[in-house]
Amino acid sequence: MSTEKIFIYDTTLRDGTQAEDVHLSTEDKLRIARKLDDLGVDFIEGGWPSSNPTDEQFFREIKHYDLKTSQVVAFSSTQNPKTTPENDEGLQKVLRAEAHGVTLFGKTWGVHVREALRTTLERNLEIVHDSLAFVRPKVKHLFFDAEHFFDGFKEDREFSLACLRQAHQAGADCIVLCDTNGGTMPHEIRDICIQVSQELPELRLGIHAHNDSELAVANSLEAVRCGARHVQGTINEYGELCGNANLCSIIPNLELKMGLTCLPSD
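The C-terminal position of the sequence shown is numbered 1490 in this note's numbering, with every residue numbered one higher than the one before it.
Computed cross-link-like contacts, DSS-like style, restricted to lysine-lysine with a CA-CA straight-line distance of at most 30 angstroms:
id: 1; residue 1: LYS1287; residue 2: LYS1364
id: 2; residue 1: LYS1287; residue 2: LYS1259
id: 3; residue 1: LYS1364; residue 2: LYS1229
id: 4; residue 1: LYS1317; residue 2: LYS1306
id: 5; residue 1: LYS1259; residue 2: LYS1481
id: 6; residue 1: LYS1306; residue 2: LYS1378
id: 7; residue 1: LYS1292; residue 2: LYS1364
id: 8; residue 1: LYS1317; residue 2: LYS1364
id: 9; residue 1: LYS1229; residue 2: LYS1481
id: 10; residue 1: LYS1292; residue 2: LYS1362
id: 11; residue 1: LYS1287; residue 2: LYS1229
id: 12; residue 1: LYS1362; residue 2: LYS1317
id: 13; residue 1: LYS1259; residue 2: LYS1317
id: 14; residue 1: LYS1362; residue 2: LYS1259
id: 15; residue 1: LYS1362; residue 2: LYS1229
id: 16; residue 1: LYS1259; residue 2: LYS1364
id: 17; residue 1: LYS1317; residue 2: LYS1292
id: 18; residue 1: LYS1317; residue 2: LYS1287
id: 19; residue 1: LYS1362; residue 2: LYS1287
id: 20; residue 1: LYS1481; residue 2: LYS1292
id: 21; residue 1: LYS1229; residue 2: LYS1259
id: 22; residue 1: LYS1306; residue 2: LYS1362
id: 23; residue 1: LYS1292; residue 2: LYS1259
id: 24; residue 1: LYS1229; residue 2: LYS1292
Read the hints as simulated data drawn from the structure, not as lab findings.
Using the sequences and the hints, build the whole thing.
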């Protein structure tokens, strides 16, 4: 077995709960988190504290458990364009969760910056940088989910790369490239990941794939082949729309077929 480590980041407790007919209580989430810790995943994304009381309660309760392997991560968006990081409710709540780490997602596709955030590309770059820079000193682990990255890259390569550059400069430990629409093909994943690595070799890259084209596992494995060392997914593919990348397939493929280390040896 290779000693090269692939960090497994489970988002079942957030993305998985967006699947149809999946409803988890705080007790459910605590039980699942303990099972994920037994399995040995590196990071457990516990939820989005500002989105619902169940997630807020989970972060209060999980502190009472002594997890052996996993680090707990709280999820949130970058700041509202109309606020500063210090006054942003979402950022304040994600920090109050007092998790081991924080993942912030931000826009990297110009159409979403203009139509969803209703702001300029230049302002979005400030939002990405300032949000991450504000959180960085307050957490052990900091990740940036580059939302809709592959679609954004195909539309405006330079803007999408500029978003990654700002996240890195603000102190993100890992930049996670997200195929949020789940429509990117494996050969496109490969081409774009290679371009990102060549353009920004200083970045530590991750992958977050959705399964709308039934390619989330293949795309995750392809990203690892191109240098990603952080893989996000859910148990049994649970997730919004057509689901997320299935860690139950990804992990054995990485370990048994690609010779990489994901879980503890036992």
